[in-house]
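For the protein sequence lines, the chains are A and B, in the order given.
So for the first sequence, numbering that gives the first Met the number 0 puts the first residue at 0; every next one is plus one.
So for the second sequence, numbering that gives the first Met the number 0 puts the first residue at 0; every next one is plus one.
By construction, these hints were calculated from the structure, which means they are not laboratory data.
No false leads were slipped in.
Okay, the calculated bits of chain B under chain A, using three or more residues with CB under 8 Å as the criterion:
#1 194-205
#2 318-327
Beta-carbon label-pair distances, calculated as ranges:
#3 Asn99(A) - Leu221(B): 50 to 56 Å
#4 Glu98(B) - Ser277(A): 51 to 57 Å
#5 Leu154(A) - Glu242(B): 48 to 54 Å
#6 Pro41(B) - Asp123(A): 57 to 63 Å
#7 Ser200(A) - Arg136(B): 36 to 42 Å
#8 Glu242(B) - Gly272(A): 48 to 54 Å
#9 Gln169(B) - Pro238(A): 38 to 44 Å
#10 Asp314(B) - Pro238(A): 40 to 46 Å
#11 Glu98(B) - Thr251(A): 56 to 62 Å
#12 Ser82(A) - Pro367(B): 52 to 58 Å
#13 Glu405(B) - Ser82(A): 28 to 34 Å
#14 Ser200(A) - Pro367(B): 44 to 50 Å
#15 Ser200(A) - Glu98(B): 33 to 39 Å
#16 Ala105(B) - Asn99(A): 44 to 50 Å
In this text, a Cβ means the ideal position worked out from N, Cα and C, and glycines have one as well.
Each chain is listed here by its residues.
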Amino acid sequence: MSETAPSLGKDLVGLESLGREELTAILDTAEPFKEISERRIKKVPVLRGKTIVNLFFEPSTRTRISFEFAEKRLSADTVNISSTGSSVTKGETLVDTARNLEAMRIDMVVMRHGASGAARFLADRIPSNVVNAGDGRHEHPTQGLLDILTIRDNLGTLEGVKVCIVGDVVHSRVARSNIYGLLTLGAEVAVCGPPTLVPGSFRELGVEVFQHVEDAIQWADVLNILRLQLERMEAGYVPSLREYNRIWGVSTERLEKAPHDLLILHPGPMNRGVEIDSDVADGEHSVILDQVTNGVAVRMAVLYLLAGGRPEKAEAAKKGGGPS
Amino acid sequence: MSETLLLTGGRVVDPSQELDGVRDVLLVDGEVARVAPSVQAPEHARVLDCDGLVVTPGLIDVHVHLREPGEEHKETIASGARAAAAGGFTAVCAMPNTEPPIDNPAAVGFVAAEGRRAGAARVYPVGCISVDRAGKRLALIGEMVEAGAVAVTDDGNPVMNSGLMKLALQYTQAFGIPVADHPEDLTLSAGGHMNAGIVSTRLGLPGKPNAAEDIHIVRDLLLAETTGGHIHLQHVSTRFGVESIRQAKARGVRVTAEASPHHLILTEEAVEGYRTEAKMNPPLRTAEDREAVRAGVADGTLDTIATDHAPHHYDEKEAAFTDAPNGIVGLETALGLILTHVVGEGILDLPTMVERMSCQPARAFHLPGGTLAEGAPADVTVFDPVARWTVDSNAFRSRSHNQPFEGWELTGRPSYTVVGGRVVWER
Numbered sequence: 000m001s002e003t004a005p006s007l008g009k010d011l012v013g014l015e016s017l018g019r020e021e022l023t024a025i026l027d028t029a030e031p032f033k034e035i036s037e038r039r040i041k042k043v044p045v046l047r048g049k050t051i052v053n054l055f056f057e058p059s060t061r062t063r064i065s066f067e068f069a070e071k072r073l074s075a076d077t078v079n080i081s082s083t084g085s086s087v088t089k090g091e092t093l094v095d096t097a098r099n100l101e102a103m104r105i106d107m108v109v110m111r112h113g114a115s116g117a118a119r120f121l122a123d124r125i126p127s128n129v130v131n132a133g134d135g136r137h138e139h140p141t142q143g144l145l146d147i148l149t150i151r152d153n154l155g156t157l158e159g160v161k162v163c164i165v166g167d168v169v170h171s172r173v174a175r176s177n178i179y180g181l182l183t184l185g186a187e188v189a190v191c192g193p194p195t196l197v198p199g200s201f202r203e204l205g206v207e208v209f210q211h212v213e214d215a216i217q218w219a220d221v222l223n224i225l226r227l228q229l230e231r232m233e234a235g236y237v238p239s240l241r242e243y244n245r246i247w248g249v250s251t252e253r254l255e256k257a258p259h260d261l262l263i264l265h266p267g268p269m270n271r272g273v274e275i276d277s278d279v280a281d282g283e284h285s286v287i288l289d290q291v292t293n294g295v296a297v298r299m300a301v302l303y304l305l306a307g308g309r310p311e312k313a314e315a316a317k318k319g320g321g322p323s
Numbered sequence: 000m001s002e003t004l005l006l007t008g009g010r011v012v013d014p015s016q017e018l019d020g021v022r023d024v025l026l027v028d029g030e031v032a033r034v035a036p037s038v039q040a041p042e043h044a045r046v047l048d049c050d051g052l053v054v055t056p057g058l059i060d061v062h063v064h065l066r067e068p069g070e071e072h073k074e075t076i077a078s079g080a081r082a083a084a085a086g087g088f089t090a091v092c093a094m095p096n097t098e099p100p101i102d103n104p105a106a107v108g109f110v111a112a113e114g115r116r117a118g119a120a121r122v123y124p125v126g127c128i129s130v131d132r133a134g135k136r137l138a139l140i141g142e143m144v145e146a147g148a149v150a151v152t153d154d155g156n157p158v159m160n161s162g163l164m165k166l167a168l169q170y171t172q173a174f175g176i177p178v179a180d181h182p183e184d185l186t187l188s189a190g191g192h193m194n195a196g197i198v199s200t201r202l203g204l205p206g207k208p209n210a211a212e213d214i215h216i217v218r219d220l221l222l223a224e225t226t227g228g229h230i231h232l233q234h235v236s237t238r239f240g241v242e243s244i245r246q247a248k249a250r251g252v253r254v255t256a257e258a259s260p261h262h263l264i265l266t267e268e269a270v271e272g273y274r275t276e277a278k279m280n281p282p283l284r285t286a287e288d289r290e291a292v293r294a295g296v297a298d299g300t301l302d303t304i305a306t307d308h309a310p311h312h313y314d315e316k317e318a319a320f321t322d323a324p325n326g327i328v329g330l331e332t333a334l335g336l337i338l339t340h341v342v343g344e345g346i347l348d349l350p351t352m353v354e355r356m357s358c359q360p361a362r363a364f365h366l367p368g369g370t371l372a373e374g375a376p377a378d379v380t381v382f383d384p385v386a387r388w389t390v391d392s393n394a395f396r397s398r399s400h401n402q403p404f405e406g407w408e409l410t411g412r413p414s415y416t417v418v419g420g421r422v423v424w425e426r
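Looking at chain B on its own, in the form it has when it is part of the complex (with noise of 0.2 Å):
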């Protein structure tokens, strides 16, 4: 049951509203009742002293991986779901590329009903485009609809055949979800295994170019334009595939996109001695192209930050780099990374944080939350922007600690994240 809570005398800031003071904020049975200066307490109400503290709408992570079914020795829906709710967010979408893959119905209404089950974050499940990802043929994706898939996506196997991908823009228009795509010209990238440039040619290891990706999103793009179709693109890492999207959207083309924290704050160069643990797709690139991902991410081109949240187990990692799968895990160090590197480093201020992480992921994916008006569902995330802490993947909640960022000192870490008025974390 969720309880009656009220948070006093945090800095609420809420775009959604274009608010941004302090005030407090009232939850009763769910939702949002009440947000101002001064809100008395209720009987039997939880009083959080939010003093200090930043409240915002809940975060939102439209890209995670749970892995489950099928690879519960990496994530399962509910430590995913815990994992989440430890680093500020209050929902996700979890991908479909599971073993067997989300691709109908019934496997859509597991992963929702786990997500239920988890009673942490929430969990949406988003569906295949195509029957078990293979790019033929559609999937039951209306039915998918109907059992609660928020979008489509083959995300980890690119749909190559354009074809295919007209016709899932087409048809998902009439459930209105977005298309979401991992745009990776396979052709081109095959075999690679980091950005080809100076390090990989270094390091003696295939690389993937620029133009791999580079070449599908503006195909889809072009797509998205001539169908009328929604385009969600993801991850995107490249200089060219920012200044397309950029041009799109001018043009009023139906296009969202993300930007990752680990392509908004590291280069290639990461990856120097073989660091299997900042491998990833697409892979991390040059300071040129992380330059062009942050000022996309200022101007609002990539209207939405995602962790892309990859776990991988430890054994599979610890391999030679090109044995080693591809992907890092996020929900637990997101937060702290965008407001130290991103927010800190003056690309983007809070008020537009909280619209890339919360207001425009639940706006592109049709989700409920993202605002902290009344009668909203009561999912807040209360962080400290000023605890310093250091990144130790001992102390995760994802079954997984693959990531690159171990040992790193940050600024600002989650305090409170509340689901449906109930406190899901606390620190």
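Next up, chain A with everything else stripped away, as it sits in the complex (with noise of 0.2 Å):
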């Protein structure tokens, strides 16, 4: 890494309007940050006097419990604010909320948010760093991160490599966020699903579209195999979840029939036995549990980065010391 890497500006709201070198600094910052967590003990002073809110206006468990390891191995203050409801119902609008941390000076605003949109909406409107950690169906840009960088990992490039993602594609913003990201890092990405969930209109973003898993099956190199949401039979998107996994679940006798051997990804919670077979989940080349390992580096690297550090530093700061 240069010593001109860019810095992220204030927020990670998404990948989308990241270049190729602010990727790559984030990418090779995690790096360092990996080795922490192998420690004894796995705290670092990094972000010593910060403090972090994790703003949950949405129901999750690993990526909240995933920033809330990452800002506390940073030696970060942390609080968790969890909300099921949307702010709306909840009475508060999203800009009182947004006024509300301002008053309290915290430093950075993890926010998980229904609304496309929501990152963008409280980063415009605070003077803390805001992170995405899911916006509606627009980005998930940490989840589209450590995809890449366990992609990256397992590959050594990314430089060609061939990505799809199989499932419910358009209502998901960890699609968005690693179409953005790997289209810019040099891979080929396609999307693969039924047509009513993978419509023909994300040729736009410049992926390729399969209706048939095995014609994705054929033409990758890595899998990232996204939930199916048991609400979107309900809506009507496809008629049941047997049907579903018959058609486009990943299982190993279709893998059997892949040129060559294809990487397993999946952003989790799975359901097994629908978008993804337990013997493809568990197998040789799924690196689902690397992905969880690799969203807390991922994690630091960008709270790092965000609260002023640079990415030529990142190995000294681990031994101590701030992030300038």
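Quick one: dock chain against chain with the hints and give me the complex.
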């Protein structure tokens, strides 16, 4: 990484607006942070004295915990706010929430919200750093980054790598962040699933569209398999979970027909036997748990960089000292 | 009381008389008394020097939401009528999607009375097609017309039941009023918040496809054709919709249709950054659709320009995009926007603009005005075609400020608005 690695700016709202240098800086910064989680004392004083609010308007277990570990391993002070209803049903508007946080002089806000654009909305209204932990169906940038880091770790490069995202793409913030980040970093991207969940209009984003998972498996080096929400079936996008599994489920039988081994990712939580069969999820080419490990490192990297840390100093920061 | 007014030396543009030239206009007792190259000022007449200004029959906006009763924090009939006058409009048609809705003669009478009391632009009530805008059975259309309704619509709630729409197009023929429809198949647009396209895909916002609008436009045209009723299609925004109306007009279907300034000027890209001030329904669409709307206004397929003035409180628009309501205010920017970006870019000439914003709206909704013929109501708009100004919503008379043109530099703005021979607004 160069001495002139770009700064991320104030916020991480999405990967669409980031260039190759910025994305690479985050991935490269995550590498040295991985080692902290392997130590007996998993804590460095990089964000000592910083206060971070994890503001979750939608239920989340793994993303929230992953952020919380990342924050605590960097010695930040954290507060978790969870609200199952949206801010609107709760009575307080998002803008009032933002003003309250500002009044409490929070350094960073990590927010998940059900509305696309909510992270941008908050970022434009408060001076604190804002990290998008998922906004509606727009973006989930840290998930995209950890997926991309996992692919890079395993294949050694992203240039020319063929990644197919399988499942409910139209409603997926994970899919969008992956598409933007991977395309910027030189990968080829495809999406695959029932046309009700993977409309052909995605071609306009510069990705291939497959209707049959067999075709995707022939084409791809990597499958990133999305969770099929039960509510999609209830809303009529697919007639039944069983039919979905029969036609779009990723099984060992289908993978055996591939010209070469495929790397298997899943952002979780998995519906075993629906979008992914257990022997695939637990198989030798599954890197699903690597994704979880990388999630903490990527989030540490993002928090460090937003706090003003320089990518080239991450190695030194591990040993002690603040971000600057 | 109306005064005697003499407007001297202005360029009088009145397509209803094929008039475009420098004239004096004398207004006496609420009527146009004389339009001639030189008129001697009567005693006690107030003389308005209109040298360098354009004098037209009063502009009429057939599609505004004045929010009263029920949402007076957004707009009232009085504030809306004043905003209209400040924008150069001498008359507006108030949509009935209030709370409670205008679906009975007493409610129609309330809107008419409040409009008169405001003493600004004329306010013509529009009644609902169906009781409670529920799309189930016809409202008291005959009695609402007797009380002053000039049209019916369930605007905001498209009539999904085609059988009911057919009944409305038949029944209204007894009263000579148009049925105005917001064409949208709700089963196709369900959950949508902007145009379905590349921008919605990128932003992760659910979209409303053109087909949702196209299907209802075609349905309404077929029903108007088979019943002989008058359909007025509101805020047409799609290329297929424009072409369908063009073909229907060629077949002789009784159809009139609107274009709104924002669909003539903006595209879906205005939504970038989740800008709720550019959220409206129908949504801003693609450049190709905008070109079709422009061509439709140019050739008269879309015969009327109407704002769809839709005030919302700033709190409601200061929200995540999917939580924000649809609509923008338009009364105080429409003339400047059209002069700058439609006339100024050669899409319409000035007389055709007056035709679309005054003469034709009056004809379509059978309203007095739309002409400066002698004996016509003394409703006159006078504007300065070269004045440069910057859109500043804080200066609006409307109670609401929600619109995407803040800070735009425009050329052309109203100087005097005269209603019934009385100057109700002057700069």
